[in-house]
Amino acid sequence: MVQDAGGSVEANEGIEESDRTANNPLVSMRSVVKRFGSILALDHVDIEIMLGEVLALLGENGAGKSTLMNILSGLYRADEGEILFEGKPIVVRSPRDAIVRGIIMVHQHFELIQNFTVLENIIIGTGSNEKGKEKSVRKEVEKLAAENNITLDLDARVKGLPVGVQQKVEILKALYRNPKILILDEPTSNLTPQEVDSMLSTIRKLAEKGYAVIFITHKVREALAVAKRITILRNGHVMGKFSSSEVTADSLVEMMMGAKPSSNLESSSHTSPPSAEPLLTLSDVRTGSSKGRITLKDINLTLNPGEILGIAGVSGNGQKELVEAIMMLRKPTHGSVRLLGVDPMRLSTKEIIELGVSYIPEDRLDDGILPSMTLYENMVLGSHDIEPFSKRWIMDRDAMIETTRDAIERYRIYPPQSEARVGVLSGGNIQKLLVGRALLSRPKVILAHNPTRGLDTRTTDLVLRNLVAQSRENGAGVLLLSEDLDELISVCDRIAVMFRGEVVGVLDRQQMDRYRIGAMMAGGATA
Amino acid sequence: MKAQQSLVISKLLPYILSFLGVVASVGILLALIGKNPFEGYRILLSSSLGSPGSLSLTLLDFVPLFLMALAFVVPLRAGKYNVGNEGQFLLGAVGAVTVSFVLPNLPSVIGIPLLLVAGMAFGSLWAVVPAFLLYRFRVNEIVSTISMNFIAYYLVLFVTTGPWHNPLVGYPQTNQIGSNYILPSLVRTPQIGTGLIITVLAAAIVYFYISKTPAGFELRAVGANPRASLVYGIKSNFVSAMSIVQGAAIAGLAGAIQVAGLLFSLQYGMQGNYGLLSLVPALISASSLIGVGLISFFIAVIDTGTSALQGVLGVPYEIGLLIESLLLLLILLAKGYGGSNR
Ligand SMILES: Nc1ncnc2c1ncn2[C@@H]1O[C@H](COP(=O)(O)OP(=O)(O)OP(=O)(O)O)[C@@H](O)[C@H]1O
Ligand SMILES: [Mg+2]
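As they're listed, the protein sequences go chains A and B.
Heads up: the first sequence begins at 1 in my numbering, then just goes up one per residue.
Heads up: the second sequence begins at 1 in my numbering, then just goes up one per residue.
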């Protein structure tokens with residue numbers, strides 16, 4: 001077990017700290033073991049949860065964070081080990097057993113009912129929807145939202161709401177259930193930098209109010225910013241438990257990954273050959289309105305060979321509509337598109353993929369995977385009917401598996417089994433699969449929508465490197481839509497900022513400035 | 001390894017229990033109407049499996065049952081419920097007699113394949129309407145295919161009482177098809193007919209289609225996640241609509257085989273309970289065609305056995321129906337339980 005040297009400097013304080021709190025953990029999980037078939041997801045894990053503080057559960061993709069908390073919240077059952085609540089062993093057989101003790105979990109993948117309104121989703125199953133109570137319930141929810149700095153339109157239908165907004169609905173829904181212990185599984189991965197800050201302060205306040213908050217993340221900085229204690233998981237083992245005052249970010253990263261973090265991405269220097277024809281040109285593109293969706297307003301963009309064009313914007317300002325318009329999943333109603341030398345307006349999505357366009361969708365569960373099918377089948381989705389995966393109307397299983405093995409190795413997809421069903425992969429590993437698939441066949445244009453969401457630092461780095469390599473070495477054009485400004489600034493040649501369906505400005509490298517972009521994202525300034 | 005074993009057991013246990021439940025309730029039912037349960041069990045088994053002759057009967061029952069289950073499974077893989085396989089079966093039978101009456105003098109080598117193809121064509125044409133409604137207007141296929149069933153019943157009534165009506169029987173039934181159209185049987189005892197061979201062949205083709213071809217991949221992909229399939233270039237709506245037509249072709253084949261291999265004419269009510277019974281294997285074992293085959297055989301055993309009970313013990317016909325419905329119910333219960341077991 002790694003015990004970091006950083007602890008020794010403030011050893012006294014650290015010991016005092018843990019002595020005081022270790023006396024009365026509200027919940028402790030002891031020696032928890034969980035297997036999924038042959039995968040050992042948790043190997044004798046111990047954790048303690050105290051009232052009035054934030055515990056960060058830090059670990060890479062597939063470390064077992066979600067599994068551990070799914071056990072506490074009654075979704076899974078441990079194979080071995082016990083759960084102590086206020087010192088006494090308890091049995092948590094179902095989410096209900098957890099809920100009655102005030103243990104509420106906000107999952108990594110949302111479980112909102114799409115056709116219900118925000119308010120309906122928040123109060124569902126609590127008996128608050130009886131006649132006559134509507135007014136007071138609404139007041140109550142509004143008050144709760146205000147207390148926690150959450151702004152939401154309670155009457156909006158959840159369907160089509162940006163993920164960042166859905167995240168807030170989930171949290172408010174959890175708070176409405178009066179938790180003692182609130183488990184948040186990667187609550188910041190869907191948020192913009194500003195929103196992350198306000199989320200972290202909300203979390204801190206919740207702890208001050210006396211809740212026990214468990215904050216699952218693989219972002220070291222966020223863990224340090226918000227948590228009092230940090231427990232690190234790696235491959236189902238606890239790698240160490242620290243008070244956040246006694247560790248440094250670097251040592252945490254090292255323990256999480258079991259290796260020194262790699263150097264930062266060098267910022268790119270790209271000069272597109274002046275004569276080259278753009279890979280993609282959008283002129284005055286508009287899309288029709290549909291419920292819950294942003295309409296694009298006169299979008300003008302060009303993407304050149306070898307270029308990485310960033311699209312910055314708060315989630316839900318037309319990014320999804322933009323990529324869907326290019327993929328002809330949502331046909332433009334006005335304007336023109338030129339894609340790889342042709343007019344794609346009359347092409348099917350399939351024909352667009354065949355032109356050499358690959359797409360990493362934002363919504364990985366709904367738009368990205370076939371959960372009940374295997375890794376190798378998911379890997380070839382979209383190129384399943386062409387060589388080398390299909391020859392003369394017959395699919396070549398060996399070819400699919402070989403390609404999948406490569407991707408598993410390259411992106412460290414876990415479990416490393418081509419035959420595993422994708423539905424059991426952790427969130428980050430699903431994302432790795434989507435990236436691996438998109439870069440399978442030397443695409444000419446890559447539409448990457450939040451390609452690093454939910455990925456740990458090492459994999460984020462790997463994905464960005466691969467995108468950069470595709471553009472620099474193969475001359476691909478990359479449209480990188482991201483809410484992570486640092487990521488955009490580190491790899492993009494130009495950044496276009498979207499606000500309410502419009503491109504409010506395009507910045508080149510010299511003009512890239514976090515604050516300026518942030519202001520544009522909020523609709524405050526133009527280029 | 002041990003964990004896996006216990007997983008298999010915990011998956012199978014509900015089915016075993018439900019099977020025992022059926023056995024027990026058959027006994028209780030028999031006892032209630034004053035028959036000896038053990039005598040009942042003996043007759044049930046011996047009349048379905050006990051001799052080459054009785055095995056032949058079971059196999060004759062197995063053929064339409066298995067094909068109908070496949071007709072349900074293929075669309076099910078794309079997430080569609082083809083409860084109209086009964087109507088498609090009837091249309092396949094209509095197609096078969098139509099060929100034999102319109103072209104009465106074809107030699108068997110041409111005539112029989114033509115009859116089978118006509119059955120498949122008629123069956124799938126019957127599904128074109130629901131498929132189109134689904135594709136174009138998103139009309140739920142359960143509702144539309146069931147409606148087509150009712151139209152099929154009347155169509156059969158119309159054909160069996162029309163110009164092809166057999167005046168010698170007091171029942172809506174057509175004349176016999178010519179002997180050049182009758183499926184030859186290859187082995188006498190137990191009787192292995194061409195119908196059985198075709199069925200096994202059809203199952204092999206379905207297996208190959210679903211698991212080895214890109215089109216089958218698309219079928220499964222759409223069943224797994226239609227939206228993601230669409231995003232990656234698969235025409236999800238088209239694939240799911242076509243899956244019903246494909247399933248219908250198999251149901252049509254079943255109807256044609258039933259005419260050419262067993263009944264030799266179109267008969268009102270010839271669909272029996274095959275539509276309902278075919279749901280059992282299809283729903284239990286949608287992911288494995290071998291499983292569908294095994295369970296279909298098992299149901300054929302019960303089906304044949306209970307009809308023998310009627311004959312030998314004088315058990316009322318309704319008891320047979322009751323047992324079969326009970327089986328369906330318990331198995332669905334078992335499936336529901338097995339499915340919710342994490
Ligand atoms: N239902 C399941 N069936 C089989 N394996 C599972 C299941 N759930 C999780 N696993 C496996 O257990 C391991 C731990 O997964 P878990 O979801 O807890 O990771 P995580 O730490 O939350 O990662 P991420 O940051 O990617 O969400 C992974 O290898 C995963 O593939
Ligand atoms: Mg997780």
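Any given hint might turn out to be false.
[What the hints assert, rightly or not] In silico BS3-like cross-links for lysine-lysine, where the CA-CA straight-line distance does not exceed 27 Å: (1) 212/B <-> 391/A; (2) 350/A <-> 35/B; (3) 212/B <-> 159/A; (4) 350/A <-> 331/A.
[Said to hold, decoys possible] Residues of chain B placed beyond 10 Å of chain A at every Cβ, according to the derived structure: (5) 169; (6) 212; (7) 232; (8) 234.
Think of the hints as simulated: they come from the structure by calculation, not from any bench.
Yeah, the Cβ is synthetic: ideal placement off N, Cα and C, and Gly gets one too.
Tell me if the straight-line CA distance from residue 350/A to residue 35/B falls inside 27 Å.
violated, 65 Å
Least C-beta distance between residue 212/B and chain A, which was stated to exceed 10 Å
At about 6 Å from chain A, residue 212/B fails to clear the 10 Å cut-off, so the statement is violated.
Holds or violated: residue 212/B with residue 159/A, Cα cutoff 27 Å?
violated, 36 Å
With the threshold set at 27 Å, check whether the alpha-carbon distance from residue 212/B to residue 391/A stays at or below it.
Measuring from Cα to Cα gives roughly 11 Å; hence the hint holds.
Confirm or reject the statement that residue 169/B sits farther than 10 Å, beta carbon to beta carbon, from all of chain A.
holds, 47 Å
For the pair supplied as a hint, residue 350/A and residue 331/A, is the alpha-carbon distance within the 27 Å limit?
Holds. Residue 350/A to residue 331/A sits at ~14 Å (cutoff 27 Å).
Compute the least Cβ-Cβ separation between residue 232/B and chain A, then decide whether it is above 10 Å.
Since the minimum Cβ distance to chain A is about 4 Å, residue 232/B lies within 10 Å and the statement is violated.
Cβ separation check - residue 234/B to all of chain A, threshold 10 Å:
Residue 234/B is in fact no farther than 10 Å from some Cβ atom of chain A, at 7 Å.
Hints 2, 3, 6, 7, 8 from the list above are not met by this structure, while the remaining hints are.
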